[in-house]
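Could you build the full structure based on these sequences and the hints that come with them?
2 protein chains.
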Amino acid sequence: MTDTPGTHRTEPAHPTGNDLHLDLPATGGRRAALMAALREAIRSGRLAPGTRLPPYRSLAADLGLARNTAAEAYAELVAEGWLTARQGSGTTVAERAESAPPARSRRPSARPGPVHDLRQGQPDAASFPRGAWLAAARRALTAAPNEAFGPGDPQGRRELRTVLADYLARARGVRTDPDRIVICSGFAHGLRLLFGGTTAVLPPAETGPLAVESYGLAFHRGLLAAAGVATVPLPLDENGAQVGELPQHRDVRTVLLTPAHQFPTGGPLHAGRRAAVVDWARGRGGLVLEDDYDGEFRYDRQPVGAVQGLDPERVVYLGTVSKSLSPALRLGWMVLPDHLVDRVLAAKGQREGWASALDQLTLAEFIDSGGYDRHVRRMRRRYRDRRDQLVGALAAAAPHIEVSGIAAGLHAVLRLEPGTERPVLAAAAQRGLALDGLADYRHPGIGADAMPITDGLVVGYATPPEHAYPAALAALCAALPPPG
Amino acid sequence: MTDTPGTHRTEPAHPTGNDLHLDLPATGGRRAALMAALREAIRSGRLAPGTRLPPYRSLAADLGLARNTAAEAYAELVAEGWLTARQGSGTTVAERAESAPPARSRRPSARPGPVHDLRQGQPDAASFPRGAWLAAARRALTAAPNEAFGPGDPQGRRELRTVLADYLARARGVRTDPDRIVICSGFAHGLRLLFGGTTAVLPPAETGPLAVESYGLAFHRGLLAAAGVATVPLPLDENGAQVGELPQHRDVRTVLLTPAHQFPTGGPLHAGRRAAVVDWARGRGGLVLEDDYDGEFRYDRQPVGAVQGLDPERVVYLGTVSKSLSPALRLGWMVLPDHLVDRVLAAKGQREGWASALDQLTLAEFIDSGGYDRHVRRMRRRYRDRRDQLVGALAAAAPHIEVSGIAAGLHAVLRLEPGTERPVLAAAAQRGLALDGLADYRHPGIGADAMPITDGLVVGYATPPEHAYPAALAALCAALPPPG
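Protein chains in written order, with the working numbering: chain S, 1 to 484; chain W, 1 to 484.
Worth flagging that the hints you see were computed from the coordinates, not collected in a lab.
Now the in silico label distances, taken between C-beta atoms and shown as ranges:
hint, chain 1, residue 1, chain 2, residue 2, range
1, S, 95, W, 249, 21 to 27 angstroms
2, S, 126, W, 139, 18 to 24 angstroms
3, S, 448, W, 49, 37 to 43 angstroms
Over the 12 angstroms line for every Cβ pair with chain S, so calculated as not near, a few chain W residues:
hint, residue
4, 51
5, 67
6, 251
7, 382
8, 393
9, 397
10, 439
11, 440
We put the beta carbon where it would ideally sit given N, CA and C, even for glycine.
Take a look at the structure:
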């Protein structure tokens with residue numbers, strides 16, 4: 001060990017550079033490495049608070065560093081608060097720099113998923129069109145103007161809004177222009193823009209309660225409750241939501257519906273009711289919120305067009321790519337009545353929930369080049385085949401189980417005998433099969449008389465990758481109760 | 001005009017297929033085209049409510065369509081509510097289907113930008129590394145597991161969190177592990193997770209007021225006010241925020257700081273104050289929120305490391321790619337004390353503000369492959385050159401103007417004589433030059449005695465593309481007042 005020619009021999013001894021046991025790489029960023037090693041020595045407690053460090057010249061000599069390197073490292077660590085430099089007493093470890101060791105994480109690295117997954121709500125993640133998407137990204141990012149990489153517009157990229165106005169007209173019967181479309185990060189974001197926070201477009205205190213279908217996603221009910229929105233459930237029958245009951249709720253001015261494919265029971269809203277709800281909104285000065293979550297997927301005839309087309313000034317249309325392409329993109333859109341556009345943009349001025357401009361440009365190119373249509377057609381065939389396999393498997397293994405909601409979408413509903421939903425779900429879980437019971441979707445405010453089905457299963461047939469689907473179906477059939 | 005062999009001759013006459021003046025393409029999706037043409041005829045009023053349509057067989061014959069095509073189009077339009085089919089009276093335009101014509105948009109297509117743009121806050125959008133980003137996207141999306149295209153994890157992609165933990169340790173002195181990082185869509189999103197809504201991690205009613213620097217972004221103050229958070233301004237001096245005043249505010253437990261580079265005045269927080277604020281947080285049971293918005297950009301020596309490294313359990317570290325890469329990505333991160341992780345994840349369970357998983361994977365690959373470091377180095381050189389040009393131009397044209405905050409970041413502050421800020425901004429605007437005055441950044445709660453500078457300009461030198469920068473500087477120099 002070399003003795004260090006320090007300048008403060010009368011002060012308590014300080015460790016030499018070698019005593020510090022600093023582990024430095026032979027080449028590369030030596031200053032950064034020295035800083036990291038010193039920080040680590042302080043964190044670990046090897047260099048206790050108050051410890052005097054060797055003068056930088058000694059340290060440099062001991063470690064074979066340039067003097068500048070050591071001097072700069074000390075200066076940086078002083079600036080960062082790890083070390084203290086006092087005129088006449090050299091450099092010491094700062095008194096307060098001791099701290100608790102970093103807490104170990106208690107979070108499991110990843111929860112194991114179920115063996116079989118028939119939960120609804122997800123497209124087959126294995127089918128994401130990686131190659132076509134990347135090709136569209138290359139074309140879009142190469143052609144984009146520089147301002148596309150700037151802070152952007154709360155309304156979303158014009159390229160995407162222009163393409164969407166055309167696509168939604170063609171595929172969904174939506175009537176709009178690009179200026180009435182606002183890009184958002186999904187349905188939940190749309191709900192928050194409409195109802196949440198101090199910038200809400202439809203503040204709950206002014207707008208009153210929201211009518212909803214008596215079956216729906218608990219997650220959405222939770223978002224609404226969190227925003228302070230009271231919900232009034234509309235009973236369902238075989239023609240969809242009983243919108244004729246709306247006038248009885250005199251404080252209701254807004255209704256949230258899934259007209260193309262009631263979620264989760266599965267039927268379209270009857271034509272007469274589509275007209276009636278728009279008429280109600282006109283007469284009431286109210287709004288219809290149209291959640292068109294999987295409108296592209298209808299198997300036995302053309303998709304039912306959007307209610308929005310009946311009156312663009314009375315319907316807020318909400319759509320996303322979460323079912324048609326991937327929920328990983330966090331990309332959706334609102335088609336707004338003219339009088340709401342500026343208010344939604346003001347709410348979106350908070351800069352949150354702006355979807356990635358790069359994904360927006362890529363989606364615009366993907367739609368415009370026909371890639372999106374091709375993908376939807378391919379997935380429609382695939383999901384139709386899966387639906388047919390489901391129906392076939394049930395007909396063979398459990399012909400006593402009634403299946404409904406199979407004309408469209410990514411899920412079906414299996415009717416169970418009253419009182420058997422929970423035991424069937426338990427039997428499924430025992431087989432490693434994840435799926436939901438209908439109870440989770442029921443609005444807590446409806447009575448048993450308003451339930452078209454008391455017990456049932458919601459089977460998402462899009463979720464598993466292709467190779468895993470037959471085994472999932474077999475597990476489902478095995479978990480179903482025998483004929484009563 | 002051919003006569004149509006209708007089946008209801010005793011009813012009022014209906015138009016023939018040719019009378020409808022439907023414009024159909026000769027080939028392609030004939031049913032969709034017929035539906036679109038009928039919808040348009042109804043919307044435009046050419047087919048009034050109650051109008052009887054020709055029977056589908058006649059229509060098909062008149063238009064040269066297959067009968068099925070016409071029958072299906074009618075059925076679809078009935079399902080959509082445009083038409084009504086009544087047994088014995090044929091198909092009529094629905095009574096309620098008339099609606100207001102779509103409102104014309106009143107929004108201007110795009111506001112023209114300023115001629116010269118020296119507003120702070122944006123990196124040079126023209127410098128986005130398109131090629132390197134696309135290459136990283138290709139590698140990342142090709143290698144990604146299928147579940148990457150599924151619904152995802154509120155915490156964000158593990159690939160990105162793992163790479164960030166390493167990068168932030170190396171480049172910013174942050175001490176963390178991937179399990180304590182939460183990906184978000186930017187600083188505003190981080191603030192909302194912490195303070196906003198019913199899921200707030202630090203509900204304002206419990207947490208009390210938030211201490212902030214007396215100069216900062218008005219947009220952030222607005223976000224906090226909207227979330228119901230009262231703010232207490234800390235005066236600034238040449239050593240940064242006077243955190244020694246924190247104990248005087250006995251209801252304050254949380255402080256928001258920009259320690260690496262005070263925004264916008266430009267200096268780093270003094271080492272002693274870095275230590276002091278962490279000590280205060282420990283003693284108070286409080287938190288330091290560290291907004292590390294441009295920590296990568298320091299020009300004359302190494303960047304000052306994050307305060308977070310001094311005590312990861314008392315500091316919430318917030319960063320984004322908005323300055324280093326592009327705000328268009330809407331991508332940021334929070335490095336959290338262990339005890340806050342689960343609460344932030346619960347708030348993020350609302351599924352909003354989840355950044356695109358595809359961008360997350362691409363950024364992970366971009367950092368891991370060294371592309372991010374290369375880009376930051378390139379931009380550091382470029383912005384340093386611009387800063388030098390700014391300083392040089394001012395020294396030549398306006399040597400009486402004091403410049404500060406030039407050691408780091410993407411902007412500088414020019415001191416003006418008291419009372420001259422507004423006239424100088426007006427002179428700049430007349431030259432087509434956009435930039436901000438210091439007044440916009442001042443907390444409304446501070447008195448004149450706590451203002452280190454009363455009048456000044458905030459000059460963002462990163463914003464313009466390279467070719468436009470010299471002209472912007474010339475416009476700035478021309479707008480500055482002559483020596484007093």
